[in-house]
Structures are given as structure tokens and as C-alpha cells.
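So that you can map any letter, position 287 of the sequence shown is 287 in the UniProt record's numbering, and since no number is skipped, the others follow by simple counting.
Bear in mind the hints are in silico, worked out from the structure with no lab data behind them.
There may be inaccurate statements among the hints.
[To be verified] Subject to a maximum C-alpha distance of 27 Å in a straight line, what follows is the list of computed DSS-like cross-link-like pairs (lysine-lysine):
id : residue 1 : residue 2
1  : 212       : 41
2  : 88        : 193
3  : 28        : 243
4  : 28        : 40
5  : 212       : 297
6  : 6         : 243
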Amino acid sequence: MPVEGKTILITGASEGMGRSAARQLAGKGANVILVSRSAKKLEEAMAEVKAAARNPHTQRFHYITADVSKPDYAGSLLTEAISWNDGKPLDVVWCCAGKSTPGFWTEAPLSVSREHMDLNFWGSAQMAHAVLRLWCAPDAPVVPEPKHLIFTSSVLALFPVIGYGPYTPTKAALRGLADTLVQELEIYPQKVKVHVVYPGSISSPGFEIENKTKPEITTILEESDPVQTPDVVAAAAIHGLEKGHYSITVAFLGHVFRWGSLGGSPRNNWLVDTFMSWIIAIVWIFALPDIFNKIRKYSQKNGHPINYRRKNDVHT
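Assemble the whole structure, with the sequences as input and the hints as a guide.
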């Protein structure tokens with residue numbers, strides 16, 4: 001995915017992984033359009049991105065405020081972006097916007113799950129629908145160099161963890177959509193490549209908010225999951241994109257989860273991925289019983305989940 005001189009639109013670009021990705025892509029020579037709800041945060045991010053530009057005299061940068069959780073936001077956003085891009089199609093669209101509010105699915109209000117689906121799934125799905133209808137329109141040019149659509153899912157779409165009930169289905173839905181689009185886009189003459197990034201825990205303002213509602217048992221099971229900085233995650237994701245990978249994991253545990261759940265997803269390397277999927281299938285024989293044993297012991301010690309909320313209320 002060469003980016004020098006290309007125009008890239010990134011949602012969720014005001015903080016976290018999206019902001020780091022925008023800055024690093026600017027450093028590789030890309031023109032970048034940053035999208036988020038907060039104009040103030042976007043202005044701050046824009047200053048960083050401009051400062052990182054490889055060719056500051058020729059590269060261009062722009063930001064657009066938008067709430068990607070709202071229905072039908074994508075059409076007007078793309079119209080503005082393309083107009084700013086002198087009427088030319090965008091080259092890359094990277095959907096980074098998302099949030100996580102951990103909790104037990106049964107205990108949390110169903111409205112929390114709906115909010116996650118609106119942002120994490122529909123926010124990306126609407127963008128994908130709108131931009132693909134432009135890129136793959138009957139009168140859209142057929143050029144040798146492909147466009148790129150990038151989804152940001154989560155390692156939890158590859159292996160679920162208790163405590164992420166409102167969140168995991170939204171990211172798993174993105175994986176299913178991406179796997180389907182990879183096949184569907186083969187029928188169009190225009191060339192479009194789809195990619196899915198599967199990050200784990202990222203040290204960001206969103207992660208700090210996430211930890212406020214995260215159940216204790218979830219924290220216990222995540223002890224072996226390293227918290228990576230947005231810069232590290234963005235760099236690993238971009239490295240995978242530059243290698244042309246479809247499924248991009250950014251840490252060893254993510255690689256393990258990917259190998260263990262390939263199913264019908266396209267392989268990055270047919271030989272390596274197939275071999276490692278055999279190995280990980282054996283690893284799960286030992287790992288899964290240990291995970292469920294920890295959950296059962298925690299349950300025996302703490303009782304009904306309603307007690308966890310009461311305990312948290314006392315602490316706060």
C-alpha cells in the first residue's frame with residue numbers, strides 16, 4: 001500500500017491509534033483527512049500531522065467534524081472530502097473510530113450494546129457502503145493501482161473474553177463483513193483491497209475510560225495481554241498494510257488468536273498460517289480449560305455478578 005502522494009481519510013483520528021496512524025502516514029508522504037467529533041482535538045491532531053509531513057510544501061491536510069455513529073453520515077462526509085481533494089477519488093479510507101465500555105452483557109442495559117453497534121459496526125459499515133459505491137460505480141475508472149479500505153476490529157473478534165459482551169459482537173460483525181467483502185469485490189472490474197486490523201489493549205484516553213467499567217475477572221484474564229502505545233500499534237498496522245496483508249495483528253498474542261480462528265478468512269501466508277493454525281489448535285486443549293477454571297473459581301469466590309456492582313459502588 002504505497003501512500004506517498006495519496007489521499008487518505010481516517011475516522012477516529014483525533015486521538016489514540018487513529019491519530020498516530022495519521023501522523024505516521026503523513027511522515028510517509030500522504031495527504032491526510034482527519035475525521036472525529038471534536039474540532040478542538042482535531043486541530044491539535046492536525047498540528048502534529050503537519051509537523052510530521054515528509055514533504056511539507058506539497059502535502060495537504062484537512063479535518064472534518066462528524067459523528068460516525070449517526071445514520072447516513074458517510075455520504076456527506078465523502079462529498080466534502082472529495083471536494084477538498086479537487087474532485088478526485090480518495091485512495092485509502094481507514095475506519096478507526098470506536099469505543100469499548102466493558103461489562104457483563106446480561107447486567108448492562110441493552111442500550112449500551114446498541115450504542116457500541118452504532119459506532120463500532122455501523123460507523124464503519126456505512127463508510128464502507130458509501131465509499132465502495134463510489135469506487136466500484138459502473139462509470140468509476142479502472143486503474144492498475146488499487147484503492148484500500150481498512151477496518152479496525154479487535155483481537156476480541158478472534159477470541160472472546162468475559163466482560164466484553166457489549167463490545168465483542170460489534171467487532172466480530174466487522175470481521176464477518178470484511179471477509180464477505182473480500183469475495184464480493186472480486187466481481188467488480190475496479191481494484192479494491194480490504195484489510196482488517198486487530199489491535200489489543202492500547203494506552204489511550206479511551207482505554208482509561210474502558211478501565212472504569214471493566215470487571216475484575218476481565219482484568220485477571222488480561223494479565224498476559226501487553227498494553228501497547230498508539231504509536232506502536234499504528235506502526236505495526238501500517239507495516240502489515242505495506243506488506244499487503246489482509247488480517248493484521250500487532251502483537252504476539254494477537255497472532256496466536258488469528259492463527260486459532262482463521263476459518264474462512266483469507267490467509268496472509270498460506271503455508272505459515274495453515275501450519276500455525278494446527279499448532280494453536282493443540283495449544284487450546286490446555287489453554288481453554290485454564291481460562292474457564294479461572295472464571296469458575298472467581299465465581300465461587302464472589303457469587304452472583306450483582307454483588308460485583310455493589311462492591312464497586314462501595315469502593316466509589
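Hint check results:
1. 212 - 41: Cα-Cα ~22 Å, so holds.
2. 88 - 193: The hint holds at about 19 Å.
3. 28 - 243: holds, 15 Å
4. 28 - 40: holds, 25 Å
5. 212 - 297: With a Cα-Cα distance of about 23 Å, the restraint between residue 212 and residue 297 holds, given a limit of 27 Å.
6. 6 - 243: Holds. Residue 6 to residue 243 sits at ~17 Å (cutoff 27 Å).
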